[in-house]
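**Student:** Produce the entire structure from the sequences given, and follow the hints as far as they go.
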Amino acid sequence: MDRSVLNPFGREIVERSKFAYLTTINEQGEPETRAMLNLYNREQYPSLQNGLPFPPYEVCMTTNTSSEKMEHIMHNSKSCVYFIIESDWQGVMLNGKIEIVTDPEKKKMIWQDDWIRYYPGDKGYRNSDYSILKLVARYIKGWNGREKFKFATDG
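Residue numbers for the sequence shown follow this note's numbering, so the first one is 1 and each next one is one higher.
These aren't lab readings, by the way, just hints derived from the structure by calculation. Possibly wrong hints are sitting among the right ones.
Listed next, with one range per pair, are the computed distances between beta-carbon atoms [unchecked claim]:
1) R146 <-> D103: 35 to 43 Å
2) D129 <-> S77: 15 to 23 Å
3) Q28 <-> D114: 31 to 39 Å
4) G121 <-> R146: 45 to 53 Å
Under the rule of at most 27 Å between Cα atoms (straight-line distance), these lysine-lysine pairs were calculated in the BS3-like manner [what the hints assert, rightly or not]:
5) K148 <-> K78
6) K97 <-> K148
7) K134 <-> K108
8) K18 <-> K107
9) K18 <-> K141
10) K108 <-> K97
11) K134 <-> K106
12) K134 <-> K148
13) K123 <-> K106
14) K18 <-> K97
15) K78 <-> K107
16) K150 <-> K78
17) K18 <-> K148
18) K134 <-> K123
19) K18 <-> K78
20) K134 <-> K18
21) K18 <-> K108
Since this is a predicted model, take the numbers as computed values, not measurements. Backbone N, C-alpha and C fix where the C-beta goes; we use that ideal spot for every residue, glycine too.
**Tutor:** Right, here's the structure in full:
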């Protein structure tokens, strides 16, 4: 795959993928993968289309501050996230380091009211158990249905 088609291809995969599959490294150095809400899926989160555009080499996710993955990230920020269109056998993986975003305006902008089931109480985006993660990719690799590809980023 030519690098010039990576961004449109990657964007399509990320925006169509139902979930984001996040892998972190636990305290024993072993990988652990889990499905996350894909905030870039335009069917599921149309209200985030303008506020959370897909930058080429970074993605945001939400999680519970009390989750085990937060402990993993604090001990080892190396991580990857995978997006897939199962029916087409196409996928994109972003590999890099993950950061915990503390900006209250970003938390407010991303917050969805129906997430109260994940973050009980009446505080909404101010809930101390609501966190945003941002993965900045060092490289991107995947399969476009015809060939595998891998590109380094500036991240």
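**Student:** Give a verdict on every hint.
**Tutor:** Outcome of the hint check:
no., hint, result
1, R146 <-> D103: 35 to 43 Å, "holds (40 Å)"
2, D129 <-> S77: 15 to 23 Å, "holds (21 Å)"
3, Q28 <-> D114: 31 to 39 Å, "holds (35 Å)"
4, G121 <-> R146: 45 to 53 Å, "holds (49 Å)"
5, K148 <-> K78, "holds (22 Å)"
6, K97 <-> K148, "holds (22 Å)"
7, K134 <-> K108, "holds (15 Å)"
8, K18 <-> K107, "holds (22 Å)"
9, K18 <-> K141, "holds (19 Å)"
10, K108 <-> K97, "holds (23 Å)"
11, K134 <-> K106, "holds (11 Å)"
12, K134 <-> K148, "holds (25 Å)"
13, K123 <-> K106, "holds (16 Å)"
14, K18 <-> K97, "holds (23 Å)"
15, K78 <-> K107, "holds (23 Å)"
16, K150 <-> K78, "holds (18 Å)"
17, K18 <-> K148, "holds (21 Å)"
18, K134 <-> K123, "holds (22 Å)"
19, K18 <-> K78, "holds (23 Å)"
20, K134 <-> K18, "holds (18 Å)"
21, K18 <-> K108, "holds (23 Å)"
When each numbered hint is compared with the structure, no violation occurs for any of them.
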